[in-house]
Every structure is written in C-alpha cells, then in structure tokens.
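Participant: Here is what each chain is made of, one letter per residue.
2 protein chains.
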Amino acid sequence: MLDQLDLDVKLKKSEAHEQISELRKQLRATQQLIREARIPVVVLLEGWEAAGKGGTIAELVYPLDPRGFRVRSTRRPNEEDQARPFPWRFWKDLPSRGDFIFFDRSWYRPLLEDRVEEDPGENRVKAMAAEIREHERQLTDDGYVVLKMWLHISKAEQKKRIVHMEEDRYERWRLADKERGFVKSYKKYLHAAEEMLELSNSGNAPWHLIEANNASFRRVKAMRVLLETLQRALEAKPAPRKKSHAGEKNGEAKELRERARHIEISGPPTILDTVDLSKELERKEYETRLDPLQSRLRDLALEIHRRNIPVILAFEGWDAAGKGGAIKRLTQELDPRGYEVIPVAAPDAIEKSKHYLWRFWRSLPPQGQMGIFDRSWYGRVLVERVEGFATEPEWRRAYDEINRFERQLADWGAVVLKFWLHLSPEEQLRRFEERERVEYKMYKITPEDWRNRLKWNEYRMAVGDMLEKTMTTYAPWTIVEAENKLWARIKTLETVVQAVEKRLDE
Amino acid sequence: MLDQLDLDVKLKKSEAHEQISELRKQLRATQQLIREARIPVVVLLEGWEAAGKGGTIAELVYPLDPRGFRVRSTRRPNEEDQARPFPWRFWKDLPSRGDFIFFDRSWYRPLLEDRVEEDPGENRVKAMAAEIREHERQLTDDGYVVLKMWLHISKAEQKKRIVHMEEDRYERWRLADKERGFVKSYKKYLHAAEEMLELSNSGNAPWHLIEANNASFRRVKAMRVLLETLQRALEAKPAPRKKSHAGEKNGEAKELRERARHIEISGPPTILDTVDLSKELERKEYETRLDPLQSRLRDLALEIHRRNIPVILAFEGWDAAGKGGAIKRLTQELDPRGYEVIPVAAPDAIEKSKHYLWRFWRSLPPQGQMGIFDRSWYGRVLVERVEGFATEPEWRRAYDEINRFERQLADWGAVVLKFWLHLSPEEQLRRFEERERVEYKMYKITPEDWRNRLKWNEYRMAVGDMLEKTMTTYAPWTIVEAENKLWARIKTLETVVQAVEKRLDE
Chain A
1 MLDQLDLDVK LKKSEAHEQI SELRKQLRAT QQLIREARIP VVVLLEGWEA AGKGGTIAEL
61 VYPLDPRGFR VRSTRRPNEE DQARPFPWRF WKDLPSRGDF IFFDRSWYRP LLEDRVEEDP
121 GENRVKAMAA EIREHERQLT DDGYVVLKMW LHISKAEQKK RIVHMEEDRY ERWRLADKER
181 GFVKSYKKYL HAAEEMLELS NSGNAPWHLI EANNASFRRV KAMRVLLETL QRALEAKPAP
241 RKKSHAGEKN GEAKELRERA RHIEISGPPT ILDTVDLSKE LERKEYETRL DPLQSRLRDL
301 ALEIHRRNIP VILAFEGWDA AGKGGAIKRL TQELDPRGYE VIPVAAPDAI EKSKHYLWRF
361 WRSLPPQGQM GIFDRSWYGR VLVERVEGFA TEPEWRRAYD EINRFERQLA DWGAVVLKFW
421 LHLSPEEQLR RFEERERVEY KMYKITPEDW RNRLKWNEYR MAVGDMLEKT MTTYAPWTIV
481 EAENKLWARI KTLETVVQAV EKRLDE
Chain B
1 MLDQLDLDVK LKKSEAHEQI SELRKQLRAT QQLIREARIP VVVLLEGWEA AGKGGTIAEL
61 VYPLDPRGFR VRSTRRPNEE DQARPFPWRF WKDLPSRGDF IFFDRSWYRP LLEDRVEEDP
121 GENRVKAMAA EIREHERQLT DDGYVVLKMW LHISKAEQKK RIVHMEEDRY ERWRLADKER
181 GFVKSYKKYL HAAEEMLELS NSGNAPWHLI EANNASFRRV KAMRVLLETL QRALEAKPAP
241 RKKSHAGEKN GEAKELRERA RHIEISGPPT ILDTVDLSKE LERKEYETRL DPLQSRLRDL
301 ALEIHRRNIP VILAFEGWDA AGKGGAIKRL TQELDPRGYE VIPVAAPDAI EKSKHYLWRF
361 WRSLPPQGQM GIFDRSWYGR VLVERVEGFA TEPEWRRAYD EINRFERQLA DWGAVVLKFW
421 LHLSPEEQLR RFEERERVEY KMYKITPEDW RNRLKWNEYR MAVGDMLEKT MTTYAPWTIV
481 EAENKLWARI KTLETVVQAV EKRLDE
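Going line by line, the protein sequences match chains A and B.
Quick note: the first sequence uses my numbering, first residue 1, plus one each step.
Quick note: the second sequence uses my numbering, first residue 1, plus one each step.
Hints are computed from structural coordinates only; laboratory data are not their basis.
Certain hints may be false.
One copy or two, it doesn't matter: identical chains are merged, so the pair holds either way.
[As the list claims (entries may be wrong)] Distance condition first, Cα-Cα at most 20 Å in a straight line; then the derived DMTMM-like pairs of lysine to aspartate or glutamate:
#1 K352 to E36
#2 K155 to E49
#3 K92 to E80
#4 K455 to E258
#5 K10 to D374
I would like the entire structure built from these sequences, with the hints used as guidance.
Facilitator: Here is the structure:
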C-alpha cells in the first residue's frame with residue numbers, strides 16, 4: 001500500500017516558495033477564525049525516522065501566533081504514565097478550544113516502535129488499535145479536530161539522511177537517543193506502518209500520507225492538508241459573526257473612548273521618562289538585520305538544548321506595545337520543540353486559591369528549553385496593584401518575593417531576561433484606533449483596553465516602582481523603546497542573542 | 001542534640017485512647033475553621049525508616065474530612081522533576097487555601113538520604129538548606145502553615161521494627177523498595193539528621209521533634225502539635241464570622257424555602273420508585289458491623305496496592321443524602337497514602353474550555369490506588385442537563401461517552417463502582433432544616449440547595465435516565481437506600497468490599 005506512493009514527486013524551490021508564502025497567509029488568517037470558532041485542533045506527525053517530522057511542524061507553526069499552539073515530542077512513557085491508562089498522558093496535554101497542539105510522534109508508538117521491537121502479537125496490536133480509535137473518537141465527538149499525517153520516505157532516502165545527520169554536529173546528539181536501527185529494519189517498520197494505517201484509518205480521524213522524499217513537496221503538502229482540514233472544520237462550525245465592540249452599548253463605549261483619548265502624564269518622575277522613544281528602524285534595515293539574528297538564535301537554541309540550559313523570558317509592556325509581534329519574531333525560526341510561549345491571563349478560581357507564583361512554577365520549561373511568558377508574575381505589582389486585586393502589603397511584599405523567585409531560577413542555571421515594551425500614550429492611541437478600523441485587528445481591542453488606558457498614570461507609577469525594585473544582575477530588565485515596532489523587535493532579539501551568547505561563553 | 005530526647009516516654013493505651021478521642025473532636029472542628037479562614041496547611045513528616053511516619057499521617061487525617069486533604073509520598077525525583085528547579089515538584093502539589101497536604105518525606109531528601117549516600121560535601125549541603133529555607137519562607141510569607149515533624153526512634157527500636165516488618169507479609173513489599181541499610185548506618189543518619197534540623201529550623205517553619213519509640217505517645221504528641229499549630233494560625237488569621245445564609249436577603253430566602261418545602265413527585269415512573277427507603281440499621285448493629293468491614297477494606301487496600309489494581313469509585317446522590325459521611329466511613333481506616341478523595345465542583349474556566357472528561361482523566365489515581373470521586377463525570381447528565389449548561393445533543397451523547405470512558409477504565413484493569421445515594425424529599429427537608437438549626441452544620445446548607453430541591457422532579461427524570469443508560473457489567477451502579485444514614489454507610493462499605501474481593505479472586 002505505501003509502496004504505491006510516488007516518492008519521486010518534486011516541487012521546484014521557487015514554486016514552493018511562492019506557494020508557501022501564500023499558504024502562510026491563509027493559515028495565519030485561518031488560525032484566527034479557528035480561535036473565534038473555538039475549535040480545538042490536535043495534529044499528529046508520524047513517520048520514518050529522519051522523514052522530517054520536526055521540520056514539518058516548524059513549517060506548520062511558522063505562520064501561527066505562538067500563544068495559540070504547543071508542541072510536544074512524545075517519548076517513552078515514564079513511571080507516572082505507566083501507572084495510568086494508556087491515553088492518560090495525552091489527555092493531560094489536551095488543548096483548549098481554539099488552540100492547537102502538535103505531536104511529534106504520538107499515541108501510535110505501540111503500533112510502530114513497540115510492534116517492531118517487542119512484537120506483542122496480533123491480538124494485542126488489534127486491541128491497542130481499538131483503544132486508539134476509541135481515544136480519537138472521544139475527541140472528535142466533542143468537536144476536536146484530529147489531523148494525522150504520515151511522512152513517508154524511501155529506504156535509500158532514509159539512509160542518506162541518517163548518514164548526513166551523523167555528520168552534523170547539531171543533529172548528531174539528537175539522533176543519539178533514537179533508534180538508529182530504523183534503517184536496518186526498514187521492511188519490518190514498513191509492515192508495521194501499513195498495518196497501523198489500516199487499523200486506525202477512520203472517517204473522523206483519517207490519515208494523510210505525505211510524500212516526503214522531496215522537502216519542498218512535503219512542506220507544501222503538509223501545509224495544504226492542515227489548511228484544508230481547518231477549512232472543513234470551519235464549514236461545519238463557523239466562527240460567530242464578529243461584533244464590533246464599539247457597536248455594543250454604543251453610547252457608553254463611545255463616552256469611554258472619548259474620555260480615554262487624551263492622557264496627561266502626571267506624578268513624580270520615573271525611570272520611564274528617560275526612555276528615548278525616537279529610536280526607530282527603516283523597514284529595509286530591519287529586514288537586513290532580522291534574518292541573521294533569527295538564524296543566530298536558532299543555532300543558540302540548539303546549543304542551549306545540548307547544554308541543558310533553561311532560558312526564561314518575561315514580556316511586559318503597555319497594551320498594544322507589540323509584545324505579541326516581538327515574541328513572534330523571536331520564535332519564528334526556532335525549532336518549535338525547543339520553546340513554549342505561555343500566555344498569562346487573569347488567574348482562574350483554582351489559581352486564585354493558591355500562592356500567586358504557583359501557576360508560574362507549574363509552567364516552568366525543562367532545562368534546555370526556552371519558556372517565553374507573555375505577561376508574567378509581574379502582574380502582581382502591575383494590574384493587581386492598580387486594580388486593587390492584591391492588597392498593599394501583598395504587592396509591596398511581592399518585589400522581594402519576585403526577586404527571590406528569580407534568584408531561584410538563576411541559581412538553577414537559567415538565563416532570566418525581562419522586557420518592558422514602552423511607548424507613548426499618543427502612539428498607543430494611534431494603534432488602538434487602527435485596531436478599531438482594521439477588520440482583522442478588531443479582535444485585539446476591547447473596552448478593557450480603553451479602561452486600562454485611563455489608568456495610565458497609575459500604571460506609570462507601578463511600572464517605575466517595578467523596574468526600580470526588581471532590576472537585578474541575575475534577572476535584568478531591558479526597557480525596549482517600542483514606539484517603533486521594527487526597532488523594538490530587533491532590540492529584543494539582539495538582547496536575547498547577546499545574553500545567551502554571554503552565558504554560553506562562561 | 002537528638003540524643004537528649006527522652007525516648008523512654010510512654011503513654012498508657014487507655015490514657016492515649018481518651019486523649020486521642022478528645023483530640024480528634026478538636027481537630028475535626030478546627031479543620032472547619034481552617035477552611036473558613038482559608039488557611040492552606042502543609043505538613044511534613046520526616047524521620048527514621050520505620051519510625052511510624054505513615055501511621056502518624058493516618059492518625060492525623062483520621063478526623064479530617066477527606067475532601068480537604070491529600071497525602072503524598074515523596075519518592076526520588078523522576079526525569080521531569082530533574083529537568084526543573086528543585087522545588088518544582090512540591091509547588092505542583094501545593095494545596096488550595098483551606099486545604100491540607102501531608103508529605104510522607106518531603107524536600108529534605110537532599111539533606112538526609114542523599115547526604116548519607118552520595119555525600120555531596122558540606123558546601124552543597126549548606127546551599128541546599130538555603131534553598132529549602134527559601135522555599136518554606138515563600139510559602140509562609142503567603143500565609144501557608146508549614147508544619148515539620150521529625151519522628152525519632154532509637155537504634156534498638158528501629159532494628160526491632162525492621163525485623164518485624166520483614167516478617168509481615170503486608171509490610172515486606174513496602175520495605176522492599178526502601179533503604180534497608182538504614183539500620184546499619186544509624187550513626188551516619190543521626191549526624192545528617194542533626195545537621196538538617198539545625199540548618200532548617202526557622203521561626204516561620206520550625207521543626208517539632210516527636211519521641212516515637214512509644215506509639216501511643218507519638219500519636220498523641222503529633223496530634224497535639226498539629227492542633228496547636230492550627231490554633232495559632234487561627235489566632236493570627238481568624239475565620240470570618242459565620243453568616244447565617246437565612247439571614248441575608250431575608251425575605252427572598254424565606255420565600256424560596258417556603259416554596260421548596262413541599263415537593264410533589266411527578267412525571268413518569270423511574271427505577272427510583274422501586275427503591276425501598278424503609279431499610280435501616282440500629283446504631284448498635286451498625287457499630288458491630290462497621291469495624292470488621294473497615295478492617296477488611298484496609299487489608300484489601302493493601303492487597304490491591306500490592307497487585308497494582310486501580311479502584312475507581314464515583315459517588316452521586318441527592319443533596320444531603322450523606323455522600324460525605326459514607327466516604328468518610330469508607331476511608332477512615334485506610335492507609336491515607338493509598339487513596340485520594342477528589343471533590344468535584346462546578347468546572348472552572350480552563351476546565352470548561354476543554355473536553356468535559358478532561359478533568360476526570362487528569363485526576364485518575366495510579367494503579368494500586370483508590371480514587372474516590374465525590375460527584376463525578378455524571379454531572380454532565382445531571383446538573384448540566386437540568387440547568388441547561390450542556391445542550392441536549394451534548395448530554396444525550398454523554399451516556400455513550402461515559403460508558404466508553406468507563407469501559408476504558410475497566411479495560412485498564414480498574415474496579416469501577418458507582419453509587420447513587422437515594423432518599424425521599426421529606427427526609428431531605430428534615431436534614432436541610434437540621435443543618436440550618438445546628439451551628440456547626442450551617443456551612444453545609446446554602447440557598448443553592450433549596451433551589452436544587454425545587455427541581456426535584458427534573459433531577460428525578462435525569463437520574464432515572466442516567467441509571468438506565470449507564471448500568472453496565474463493567475461499571476455497575478449501586479442504588480444505596482440513604483433514608484437511614486447508618487444503613488447507607490454499611491451498604492456502601494459492603495458493596496466495595498465485595499467487589500474488590502471478587503476481583504482479587506479472579
């Protein structure tokens with residue numbers, strides 16, 4: 001069956017380039033619709049060792065907002081997993097409605113690796129396949145999209161790639177803990193793979209076969225499959241019609257916006273007053289500098305992975321200062337298995353009932369990975385202070401608590417960097433109004449933003465105190481001049497690159 | 001230092017019995033105040049192998065509502081833990097405000113076992129101790145009570161106990177994966193323990209030394225230490241004054257209660273109509289039967305632990321039907337490390353944004369343990385159906401989904417039992433009114449309960465459908481006649497005992 005795939009299909013790089021650029025645009029727009037329609041998406045990548053699963057995931061997530069997806073590499077079950085029913089560990093990682101998860105290998109291990117290595121017998125295989133179908137059916141019954149891709153390459157191609165990986169110093173360590181024996185038993189794996197595909201092809205969660213000998217063809221086909229799958233899901237469950245926030249309770253909202261338009265800065269001077277907001281970059285220079293910085297960071301990320309160094313980045317800043325865009329440029333070229341963006345919203349009931357640092361502790365990345373917090377524990381001394389969610393003794397105590405928390409991270413060996421994205425009230429206003437005008441940006445602006453803007457001076461004091469009291473050598477703040485987005489993105493990237501380089505040199 | 005403890009102190013069993021009975025009463029009442037004051041409590045038990053840590057925890061939790069505490073045995077850190085900062089895994093288990101956690105061994109391993117076995121050197125030990133103090137300080141700064149007990153026994157006593165454990169078939173396997181070498185290196189451990197006590201004794205989280213050669217003395221002292229610690233915490237942060245719910249918005253509440261007093265059963269017949277609510281037990285007979293059943297279940301629990309069999313119990317029933325009391329009688333004599341009670345409330349925002357089974361999957365106990373759900377996934381076809389939180393297609397689909405979920409549990413090897421505690425509307429009314437009258441029961445009744453009561457007939461239909469559609473051989477329902485509490489408790493216990501016995505015989 002798999003031998004009927006035409007592995008000679010090719011796509012010229014130039015053609016692929018054009019198609020990819022178009023597919024990215026569509027995927028970016030579609031992600032937004034998926035979020036609005038609250039459809040949760042589970043994407044599995046299975047296939048031969050060295051078939052390009054990691055690269056495919058990187059391609060698929062490239063256009064996506066990193067706050068809306070996670071990537072998981074599935075390793076052998078550990079002790080905790082083994083003490084639970086088989087699907088337990090995959091349930092733990094289930095995405096919320098509107099979010100994506102990408103699995104680099106998944107719940108098919110028992111039908112592939114285990115099948116070949118331990119040969120549990122046909123009955124056991126059939127029973128496992130039934131369990132897997134059951135698991136997928138539970139998800140799809142509840143509206144989850146389950147998209148499964150099998151990346152197929154020929155024996156000769158696989159051999160070529162593994163030899164090549166062994167020669168590459170970044171790839172070699174990655175290969176080390178995997179089954180190099182794959183090539184030797186190509187035939188056995190082929191049999192297992194065909195059996196697996198047959199046993200687990202279902203209407204609700206069908207397999208998509210991707211011819212992967214040619215990288216360009218693989219990339220384009222995988223993107224297309226994802227896009228089409230999402231589009232079909234949206235046909236079945238379209239996003240609700242967008243409401244313009246300005247439209248609701250029109251008078252009230254209008255009045256709020258009017259009041260918040262003009263902000264007069266007041267209060268004692270803070271460190272923010274000295275920030276030079278005239279810093280800017282031309283688009284051309286931006287583009288010249290972006291590429292090498294992103295490539296450099298990709299290499300550094302592999303190096304920190306190899307050396308088991310954790311990196312923790314915390315992003316704070318005014319609404320509309322461009323945190324999301326800066327984070328996107330930071331992660332765009334990274335192997336998505338090596339970082340995670342953790343969006344931080346208001347705490348839920350359970351989070352509120354514990355120490356406020358609890359949810360950040362829980363979200364810490366493992367060593368060798370980058371954890372990027374889009375808003376962070378600094379909420380305690382910003383929004384919680386300004387809105388009165390924390391009492392004065394609580395937020396006053398928090399500076400010290402936060403310093404000690406970050407000290408713990410630094411002692412653990414982490415590179416800890418904190419960014420404050422700064423802009424003027426005038427530039428914020430311009431961006432708010434642009435968001436209200438431009439349809440695809442509309443979801444980004446709510447009455448909440450206008451209300452926060454009214455409290456500019458209170459936040460200004462809170463930010464000043466925060467910077468002053470939590471500026472440490474082991475977890476330094478970088479104030480990013482964000483009046484010009486291009487400048488802000490390059491400065492963020494440069495800061496991270498330099499800090500990681502410095503650590504690696506130590 | 002530790003040699004100055006008088007290990008010859010003894011308490012006569014009869015004296016201890018009396019004191020324990022009084023301390024239990026006080027602890028039970030104090031737990032309620034701690035919950036109302038929203039004080040989170042972390043209790044660590046450290047001490048010699050065979051000093052009685054497990055038994056002490058069992059004694060301490062005996063009087064407590066099992067919905068308000070968890071027990072964790074701390075093993076060696078696994079791969080996931082090792083990739084994170086040292087305190088990470090303890091943060092994961094942090095209790096919510098008002099709840100307890102009991103650690104059987106804790107974050108002191110590096111200063112005890114590791115100190116002796118790997119001897120990391122004095123500097124490393126001091127650094128670890130500083131990390132530990134920092135961790136404890138973070139918790140206590142935020143209002144956590146951190147109570148640390150060191151259970152001390154003599155070398156001769158330890159030797160006697162380990163020999164005895166090796167002769168006991170239930171204890172032997174437990175000893176197997178632990179350090180039998182303890183006795184041999186008593187002196188080295190003694191040194192490490194003294195060093196640890198000195199390095200980590202702090203005002204905010206002091207050590208309490210418990211002389212543990214004599215079991216009665218140990219039990220009483222540990223209970224007293226816990227009680228006094230809780231009382232001091234309550235002095236510093238008293239529970240808010242109780243409000244009688246009836247007092248608020250008096251007219252409205254009164255009107256609601258009046259309307260809900262009399263319930264006329266209506267609608268087509270259901271399986272509930274055939275339940276014989278006249279079943280009852282005299283207190284004397286109850287007491288005669290309770291003890292042997294509880295002992296039997298304790299033995300069975302050890303056996304399921306030994307044989308790695310998971311047990312899943314789901315409790316549903318009318319408000320005030322006595323679920324809590326039945327669960328308490330079920331768990332009272334069990335080793336608290338072998339079960340967990342999972343109280344199920346309305347889903348929070350994150351839970352709502354995922355598959356409704358997600359939170360139950362996450363809470364599954366490991367093999368060899370008992371997971372007791374106080375309310376369960378049946379909420380989908382009960383409250384969510386009646387209140388309209390789930391759409392009709394959703395709850396209709398749920399019967400099948402639930403059956404398949406339970407089938408997965410059964411296939412995994414679990415004993416799955418479900419209980420519906422049934423009573424008449426008249427008996428419910430009597431209990432509601434009693435709760436309103438009796439001060440320490442007042443927290444148990446809210447206007448919500450009266451509102452639910454008004455929907456008796458809708459629930460009646462929902463329960464009927466539920467029992468009919470989810471009554472399976474692999475996960476049977478037991479309808480418990482709960483008009484008489486004593487009868488209900490014995491029937492529940494008997495059902496569990498018989499089902500586990502049956503499984504063990506297979």
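Participant: Now, for every hint given, state plainly whether the structure supports it.
Facilitator: Do the hints match the structure? See the list:
1. K352 to E36: between (26 Å within a copy, 16 Å between copies)
2. K155 to E49: within (11 Å within a copy, 56 Å between copies)
3. K92 to E80: Classified as both: same-chain Cα gap 12 Å, cross-chain 14 Å, threshold 20 Å.
4. K455 to E258: within (14 Å within a copy, 48 Å between copies)
5. K10 to D374: neither (40 Å within a copy, 58 Å between copies)
The structure does not agree with numbered hint 5 stated previously, though it agrees with all others.
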